[in-house]
Amino acid sequence: MNLVLIFIAAAITNNFVLTYFLGICPFLGVSRKIESALGMGFATTFVMTLAAVITWLINHFLLIRFNLPFLEYVSFILVIASLVQIVEMFIHKTSPDLYRALGIYLPLITTNCAILGLALFASLREYGFIESVIFGFAAGVGFTLALVIMGGIREELEFADLPEPLKGAGITLIIAGMLALAFMGFSGLISS
Amino acid sequence: MNEILISVMSMVGLGVFFALVLSVADRTMSVKEDKRIADIEGILPGVNCGVCGYSGCHSFAVALSEGDVSTTGCLPGGEETAAKIAVLLGTEKKAVVRSVAVVHCNADFDQRKRYANYKGIETCKAADKVLSGGIACGYGCLGYGDCRTACPFGAITMANGLPIVDSTKCTSCGKCVHACARELFTIEKFIESEIVVVACRSKASCGAVRRVCGVGCIGCKVCEKLTGDVFKVRDNLAEVHYDKADKDTDWNKAIEKCPTKVIVKVT
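Protein sequences appear in the order of chains A and B.
By this note's numbering, the letter at position 8 of the first sequence is numbered 9, and the numbering carries on one by one without gaps.
By this note's numbering, the letter at position 52 of the second sequence is numbered 32, and the numbering carries on one by one without gaps.
Source of the hints: derived by calculation from the structure; they are not laboratory data.
Predicted model, so just to flag it, every value in this text is computed and none were measured.
Keep in mind that the hints are not guaranteed to be accurate.
Cβ pair distances, simulated, as ranges [what the hints assert, rightly or not]: (1) A:Gly171 with B:Val4: 21 to 31 Å; (2) B:Glu60 with A:Phe43: 24 to 34 Å; (3) B:Ile17 with A:Cys114: 25 to 35 Å; (4) B:Leu0 with A:Thr112: 16 to 26 Å; (5) B:Gly118 with A:Phe43: 30 to 40 Å; (6) B:Cys186 with A:Cys26: 42 to 52 Å; (7) B:His158 with A:Arg126: 49 to 59 Å; (8) B:Glu102 with A:Lys94: 27 to 37 Å; (9) A:Phe43 with B:Val11: 36 to 46 Å; (10) A:Cys26 with B:Gly(-7): 39 to 49 Å; (11) A:Ile78 with B:Met(-11): 42 to 52 Å; (12) B:Lys205 with A:Gly171: 48 to 58 Å; (13) B:Glu60 with A:Ile78: 26 to 36 Å.
From the structure, some residues in chain B lie toward chain A, with a derived Cβ separation under 7 Å [said to hold, decoys possible]: (14) Asn(-18); (15) Ile(-14); (16) Val(-12); (17) Leu(-6); (18) Ser3; (19) Met9; (20) Val11; (21) Gly22; (22) Phe170.
Positions of the beta carbon are idealized from the N, C-alpha and C atoms, including for glycine.
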């Protein structure tokens, strides 16, 4: 039951993008089309899950054991940066189209605060191994969900008759705000 | 002391570990990119203008390396670039038809009638939104030089409020076409070393043109009668159909007889 709660909390009620406002950069940057939003979501989910696993291992077997909590940030960033590099190579090899669609946003996963946030939350809340993995995966799912919803809305927006000053970034930010409001509505779902 | 040692050691250890993993991944998962792509990109002008039909110079270079497109697709690069690419790819060299951006307005600052003084933001785009910047002609040049700002090659200079395109510098990238608030620019191909254009966009009637401008096209059809099908007047505006012209077309006569001298030669 606890695992289900963690999953729902990370994916919906405490959605990383729309409740914690982490990872806004790709949320606005790659949400123009559902297809690339999905690709970005999958890549980030993959990195998040792996990052959750590896940061837990490092945190548990290195940092806690030798009492080095001050190294959390540095080592987590190191892990995330290396992981993104590997994922980038992997995508470049397996799916050049996705690689091209993600473009600059793929290396930007490195500096995606949602992933560092995930690693830090997991260690702050003292999750166990399975809990961490579920948390990481759920955070990725939540991220993908936010991106795809945004992508769907923006695809429709292309045909909307907007006042000139609102076109582009303006309306995107307004929609993001509305989505965040809507997701706030889920917060009663789990009482903590 | 001990703590410092352990933290340094653990960070070094992590660093070395990930470096090893990455170098193994680099070996096993490296993708062989066509080496020529980088070379072609080096030859291309790198302005990412999109004239070739690709989103940027890199995409065009990829397409070239795969042999999908003609080597002459890059207009800003012109003859020189096409020749270099052809050498690099080992394909046959093709001639590039030179083209140039032409301005379809002939009214400089003195010839424009004004009905108000515009004292706002000094760009054509802004002036066009505010009662046409006080300029009576609804079609002509506004003279604030958005095209000059947009030109990446410095080919456009403003002479008395009218853009002059230096055809030796113009690469026909088309940035001015998009920058102009009144769509006065078109990209035209040279016929030998010159080209004849109608320097007006006004679709207003003869009287309306006369009232606001001394050098606008009044749709008198003199050019149409002189040259057969090459000039054609539609909506009070003469158009040139270059595909109908041949070497017997008497361009000079049309230029000479045009009552408002709106037909001009660009070299």
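Hints, one by one, checked against the model:
no.: 1; hint: A:Gly171 with B:Val4: 21 to 31 Å; in the structure: 46 Å, violated
no.: 2; hint: B:Glu60 with A:Phe43: 24 to 34 Å; in the structure: 45 Å, violated
no.: 3; hint: B:Ile17 with A:Cys114: 25 to 35 Å; in the structure: 34 Å, holds
no.: 4; hint: B:Leu0 with A:Thr112: 16 to 26 Å; in the structure: 23 Å, holds
no.: 5; hint: B:Gly118 with A:Phe43: 30 to 40 Å; in the structure: 52 Å, violated
no.: 6; hint: B:Cys186 with A:Cys26: 42 to 52 Å; in the structure: 58 Å, violated
no.: 7; hint: B:His158 with A:Arg126: 49 to 59 Å; in the structure: 53 Å, holds
no.: 8; hint: B:Glu102 with A:Lys94: 27 to 37 Å; in the structure: 52 Å, violated
no.: 9; hint: A:Phe43 with B:Val11: 36 to 46 Å; in the structure: 19 Å, violated
no.: 10; hint: A:Cys26 with B:Gly(-7): 39 to 49 Å; in the structure: 31 Å, violated
no.: 11; hint: A:Ile78 with B:Met(-11): 42 to 52 Å; in the structure: 18 Å, violated
no.: 12; hint: B:Lys205 with A:Gly171: 48 to 58 Å; in the structure: 54 Å, holds
no.: 13; hint: B:Glu60 with A:Ile78: 26 to 36 Å; in the structure: 47 Å, violated
no.: 14; hint: Asn(-18); in the structure: 10 Å, violated
no.: 15; hint: Ile(-14); in the structure: 5 Å, holds
no.: 16; hint: Val(-12); in the structure: 10 Å, violated
no.: 17; hint: Leu(-6); in the structure: 6 Å, holds
no.: 18; hint: Ser3; in the structure: 11 Å, violated
no.: 19; hint: Met9; in the structure: 4 Å, holds
no.: 20; hint: Val11; in the structure: 5 Å, holds
no.: 21; hint: Gly22; in the structure: 21 Å, violated
no.: 22; hint: Phe170; in the structure: 36 Å, violated
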